Amino acid sequence: MQLRVRRPIDIDSLRVELMAPAELRLAGSLVADSAQNEIGRHLGELHAHMVEKKFSSLTVDVRGLAFVNSSALRIFVDLVSRAQGAGYRLIFDLDSSITWHRLSFSVLKSLAPDSVQIRNHAPAGGGRGS
Amino acid sequence: MSRVDTADTERTCKVMPEHRGIEEVRRFAELAVSYCDAECREATAMVATELAENIVKYGTKGASPFVGTVSIAAKADMVRITARNEVASARDALSVKQAIGQISATNDVMALYRSRLAKLFSSPSLPRAQLGLLRAAFEGGFRLSCSYDPPTLSIVAERGCKTL
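So the sequences go chain by chain: E and D.
When we follow numbering that gives the first Met the number 0, the leftmost residue of the first sequence carries the number 0, and every step to the right adds one.
When we follow numbering that gives the first Met the number 0, the leftmost residue of the second sequence carries the number 0, and every step to the right adds one.
Bear in mind the hints are in silico, worked out from the structure with no lab data behind them.
Among the clues, some could well be false.
What the hints assert, rightly or not - Mimicking DSSO-like on lysine-lysine, the simulated pairs with C-alpha atoms at most 30 Å apart in a straight line are:
#1 Lys13(D) - Lys96(D)
#2 Lys52(E) - Lys108(E)
#3 Lys56(D) - Lys13(D)
#4 Lys53(E) - Lys118(D)
#5 Lys74(D) - Lys96(D)
#6 Lys118(D) - Lys108(E)
Since the model is a prediction, treat every value here as computed from it, not as a measurement.
Whenever a hint applies, use it, and build me the whole structure from the sequences.
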C-alpha cells in the first residue's frame, strides 16, 4: 500500500493522509478525473489493507474536504459498498456546516445503515465566516 | 477566463473545453455570489461547477473555441444560473430534458437522489454517475428548467438567496 501513516499525499488540490492504520483524512477539493482515479486506487489499496489486517472499522475524516463534484461522490459510494461487502464499519467525520456533507452522507448511510456511522462536528472556529 | 457582462446583474463565463474550464467556472461562480450568505455561495459554486462539467463532457465546440457558457444573475433575494451549449444529438438534449422534467415534477427529490445512489451502489460498473442535476436540486435547493432550441441546450437553475 502506497499510503503511509503520517505521510500525506497531494493529488491535485486534494490532500490524503493516513493518520493511523485505519484512519484516513481527506482535505481540499476533488474535481479532476485524474485525481478521482488516483484516490480511487489508494482507497482500493486501503480496502485490501483493511481486509488483510481484519480491522473492524475505518474512520474517514472529510471535515477538510470542502468540495467534490458529483462524479467524485461515487468514490464514497464504492467505499461504502466495499466496506459492507467485507464486513467492516465506516465512520465518517463530517463538518455539519457543509451542506453536501450533511445531505450526501446521510443518504449514503441510509443505503447501508449497519456499515456506516456518521459523526457530525461543528466547524473549527465555530462558523463559516458568513 | 473569458467573461462578459450581459446585463446589470448577469455575468457570463465562456467555458473552455477542458478541465481548466470547469475550475474557472467555479471561481467565477464564487466571485459572482461573494456577497451572498455561505449556504448560497456553496450551492451556487457547486451547481455552476456541475453544469460546467456537463458542458465540457457533452458539449460540442462548433466554430468557437469555447464549448458553452455559464451565466449567473444574482439579485437581492435570488440567484439564477444559466448554462448554454450546443449538443451533438437531439437524443442527448431530450435525455437531459427528461431528467429535468422528472426532477421538477417530484415532491421528493431526496428519494430520486437516493434511488440513483442505490443504483450506483448495486451496480458499480455503471459508466456514468449522472448525479449532477439531482445534486443541484437536492443539495443545492435549485429549481431546474430546460429548453432545447436546436442545436442549443439551455438549463436554468434558480433558488432564493440571502445577501450578507
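Exercise. Between Lys53(E) and Lys118(D), does the CA-CA distance stay at or below 30 Å?
Worked result: Within the cut-off at roughly 28 Å; holds.
Problem set entry | 30 Å limit on alpha-carbon distance, applied to hinted pair Lys52(E) and Lys108(E) | holds (24 Å)
Problem set entry | 30 Å limit on alpha-carbon distance, applied to hinted pair Lys56(D) and Lys13(D) | holds (15 Å)
Exercise. Is it true that the CA of Lys13(D) sits at most 30 Å from the CA of Lys96(D)?
Worked result: Distance of about 22 Å is within 30 Å: holds.
Problem set entry | Pair hint Lys118(D) and Lys108(E), alpha-carbon separation not exceeding 30 Å | holds (15 Å)
Problem set entry | Distance restraint between Lys74(D) and Lys96(D), which requires alpha-carbon spacing of 30 Å or less | Status holds; Cα separation ~27 Å.
The structure fails none of the hints (numbered hints given earlier).
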